[in-house]
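*Asks:* Sequence:
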Amino acid sequence: MATGFEALGAVSAVFQVISFSAEIIALCKKIYDGKPTANDDLESHATRMSEAISRIEDRCKALQTGQKSTEAEMKLNEIAKSCQLSAQELQTEVRFVTDMQRKGSMIKVFRSVLRASSHRKKIERLELALSRCRQVMETEMLALICSQSDAQKLKQEASFHNLASDVQTLVVQIAQGYIKLEDSMRVEYQATRDTMIRQTADTQEAIKDHITTEVQRKELLQSLRSPEMKKRYNDLMDSSQATFSRVFASYDRITADGTVESEGPSHDGEKAALSRPEKTESGESDQNLGEEPSSLKAENGHIEAVWSRFTEWLKSDNPLFCILGKPGSGKSTLVKFVVDNSKTRSLLTQRSMDVHVLSHFFWKIGLPSQNSVKGLLCSLIHQIFHADQTMLGDAMSRYDLESYRHYDDWSERSLRTLLFHLFKLKNSNICIFIDGLDEICTSDGLSKLTQLVNDIVTIQGIKICVTSRPETLVVKWLAKRSVSRILLEDLTSTEMKTYLRESLRPICLENKVSDQTCDFLIYELVRKAQGVFLWLYLSLRSLKIGIESGDTDSMLIERLEGLPDDLEQLYSDMWKRMNESSPPHRDTAIAYFRYALQKPQRIWACFSVEKMDGMLITQPTVGQIMCAETPALQDAMTKNYSTFDRATIKYECMKTKRAIETRCAGMLEVKPPLTVQGSCLMHDEISLMWSGVVFIHRTAHDFLTDTEAGHAIMQRQSASEIELATKLLKGILAVFCVLHSRTEMCGPLTMVLEQTNQLVEIHGPEGLQEVVSMFPLLERLYRNGIIGTYHHPLPEPHFLGLLARYAGFHAFVTIAIKSPALASSPTDILRDALSLSPAWIFSSHRELVFPSLDLIQQLLTMGASVHTTGFSCRDSYGISLKYVPFVRIDTIFANVIGTGLLSLNLPYRNALLSESSDFSTRFIDCILSMAPTCPELKAPMLVRINVDRQHGAFHFAEILQREALASDSSQDFALVIETRLTLVLSYVLAVLKPLYHGVAISQVEDLIHKLDTPTPKLRFVISSTEHQTTLYERVDCEQSHPEIMDLFFQPDLPAMRPPITEADQDSIWEVNRIWSVIRTLSLTVTDAETAYISLADEELGIRTYPQAKIAPPESWLEYYNSNPEYPFPRILGELKALSTDGSRSL
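Counting in numbering that gives the first Met the number 0, the sequence shown runs from 0 upward without gaps.
Hints were generated in silico from the structure; no laboratory data involved.
Careful, some of the hints might be misleading.
[What the hints assert, rightly or not] Subject to a maximum C-alpha distance of 20 Å in a straight line, what follows is the list of computed DMTMM-like cross-link-like pairs (lysine to aspartate or glutamate):
no., residue 1, residue 2
1, 121, 57
2, 1108, 1069
3, 598, 443
4, 649, 743
5, 729, 660
6, 598, 720
7, 120, 149
8, 729, 701
[As the list claims (entries may be wrong)] Distance windows between CB atoms, simulated:
no., residue 1, residue 2, range
9, 217, 60, 46 to 56 Å
10, 453, 1009, 35 to 45 Å
11, 716, 548, 43 to 53 Å
12, 649, 475, 32 to 42 Å
13, 419, 719, 41 to 51 Å
14, 548, 453, 52 to 62 Å
Cβ atoms here follow ideal geometry from the backbone N, Cα and C, with glycine treated the same way.
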């Protein structure tokens, strides 16, 4: 006699075959009826059914081993064989149908034949046979094989957890008494079938099942992408203009049978330069200006021999290579050239046919995402996901990535864990180019970066090429690892000559310089440059200025001989030539330098809230500097932002741009802004207003900050740092005024407030005085829509409420709320001050804090009501709320409790429970000040819980957010729960208990003792079908389900562990048990709109826009009306009848 487990294994296998067969039969019938179906679907189902048939064979063999079988087991074996035979016949029919589908258009010819053929009758016969098998299994066999008490005993056996997951689920189901087979078993085996699909399908199919919707994939990718990710790459010379012709010369010779190719744009410049038909006055071609043919040949031979080390490395198994070079020698431009060149991949594929090329460019004077290890990790992961969607799907199915919505949500440790998993999962080789090891930020340090490189290259199939200045630590590291390397400045003389020939060609053709002088200039420039392209570029520009000024040949030669040989001296010399004799020009240039040396900040200006479209402005901009230097024009723009003279602005911007380029000795340049996706914007007549001003190279920045000559220059201006910062702040406001007049774009008030708050933090009372003097201007621009929070169509928060979120402004707000000129409803101010999302509170680059208890109590004294309902909108980074035509209606007290609940999610929870967390202390004080006066602690409250079945984890989520409308994968589900304020409050306080101090301990314990904790009601279940469509199901009987809810409200729940960790088997089992229980409930399929409207109609804390009398602007209506997949068509229709007035109505 077989064990209970073996018999149940056979039962499970039979149900799987029946389930797959039913789906195949349904698809076959569609084809017979001439309805379109995907051929892949039918073949995929057939493959899985075939594997399920094999499981029947294996499990029935196990059933027959050992002692004599029971009567029930013999009957089970008989049914299994019958089911197996029917399924095998069905396989034959599937082959017939798939053959017909492959004939493409011929299906039209045979469609009528198929409909009446014997094949359809055979399908129907098989359907009947399998249905009988199913009926016997559901009504007779299962009760004979395993009773409820049998299942409970089996569940306690030690070997239970070693069983296949489908058998475990079946045992748990029976043990819980769910034996109404027509209902519960059918649902349960649907879940079992899904589990078996994941276990048995090939890798590609399994990954597809886990990939989330397009929106969700983009959100994860966006969380890894900082706006500056490709800025350094984009700022470099275009690969088509680079002239590193010798890099692949040996490869060209081999592929061209001994003739050097001129393939691609990278060779066009050199080929043109070497084949110029023009003659000098002596009748000789000028193609060899600066070089004799024989020496050129010898030099090229040596250079090619050195470059061959690099090309041989590309073909080898050697994991590490280094390109060293002086500052400005063109290392970054070379890396971009190599990464973009198809020959790089051609050489790499000689070792492996499938190779991915990744790259990252460090930039020390950039933002943290450009000069940190975290920035490198994010960049590499983003590139892997972007290139291979299957890797993205695997990561989302393997790890709990729900918590990662923004760049700041990621920790370096989580990123490293994920990256190394992806490297080990890869099915292709990878070659990584990392430019600028020496550009790593001081806080991370070179040792940390080189250790990461060491760890990566230990993984089989990964190669890394790095570049760096030849600094001592880098050279020692290379020597220790015996890394092959080249020195770039020894290899670029040919490229330099090509660049000079092309640059001087128009001048020579116009006879502004004699051919002999041109020849001499090229020779001397290359000699003095010593391999430093930047020196060559700056020196050539100095000579061109002399040529355009009418310098004679002898004057040009004298100018060249006077140029210093190194960059530092060259910067100093160019500065003296440009500004030494003109104090006004000198002071202007120094001001420009000081603006550019301010801490770099980016500002996102939004074109369209609905489309989430906008551009990233790097400060300082040309317009910002123009306004800072011309206060009268700035005042006119901020006071008359709708009537300013565009021609005047264009003229002043052009004048400022020319001054930057001419007076700053070539150390600064102007760059256009980027869109959110990293592409450059098109220019128009006033686009210089928001074009960024940046250093031409890190060496220029370092010259001003790290050298004696640079310090001498910068000390000549007396303006204070706070004066400069204030000018820039006012300047960006003027830029926003122009943007608004041109595009109706709204500048981001929150980013402006962050900059003003930094003035207070850095400069103390003096900074606060400057900031306070600007508040009237900020408030006026905010009131007129020039700057804002992107809340529309919801009401904008109160200005003082926004200020109250920043610690530096608390003193001002405390005074201002008493002023009739600024103060409004104390309730509105307090509501907006406390409407903070955890993403803002715990952001690594913001200084936001929870408002102080003194400020809260002062507002309460003034009449603020924390228990009156009103619009509630927790700010977040994005604008996902705008997608959902609902608004939360909460009391301030309930909103604060909701913020506390969301703060328990990772990655915020660790920061929340930190002893140094200012938020935690203020949060507890706030709760204790509000709770005693709450008239209805039992008020209803909606909570959404997102559950990850694969990892046995969950987190709390906003009810009304765009990402809350779709399940994350076919293995995730979400629960919309109706609970009471008391339960959530008790839970949050219990989690925060370790942080209680002093009197708060007894106060909190007294409060918890008074609270009852009713069991929540499950209202809706949100999940995904196997086709990645979102399924909403209403729970028909609104009852308490303690067996479900007890899992989610335990303060020390293991399931709330850090993400990016291996799954916990106990948590996985518990979460899947909950899922099994949920599938036994009486559920009715509905849709998102109907589900949320029903909650709004019951006044459970949400309202539709029409109910709240919120009418979005025309742009909102037009955008979503044009989207046929917008899930709220009924509400959209109602909104068309409302006005565009979005005023606060509650």
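*Asks:* It remains to establish, for every hint, whether it holds in the given structure.
*Replies:* Quick rundown of the hints versus the structure:
no. : hint                     : verdict
1   : 121 <-> 57               : 27 Å, violated
2   : 1108 <-> 1069            : 44 Å, violated
3   : 598 <-> 443              : 18 Å, holds
4   : 649 <-> 743              : 19 Å, holds
5   : 729 <-> 660              : 23 Å, violated
6   : 598 <-> 720              : 12 Å, holds
7   : 120 <-> 149              : 42 Å, violated
8   : 729 <-> 701              : 28 Å, violated
9   : 217 <-> 60: 46 to 56 Å   : 49 Å, holds
10  : 453 <-> 1009: 35 to 45 Å : 59 Å, violated
11  : 716 <-> 548: 43 to 53 Å  : 28 Å, violated
12  : 649 <-> 475: 32 to 42 Å  : 54 Å, violated
13  : 419 <-> 719: 41 to 51 Å  : 48 Å, holds
14  : 548 <-> 453: 52 to 62 Å  : 54 Å, holds
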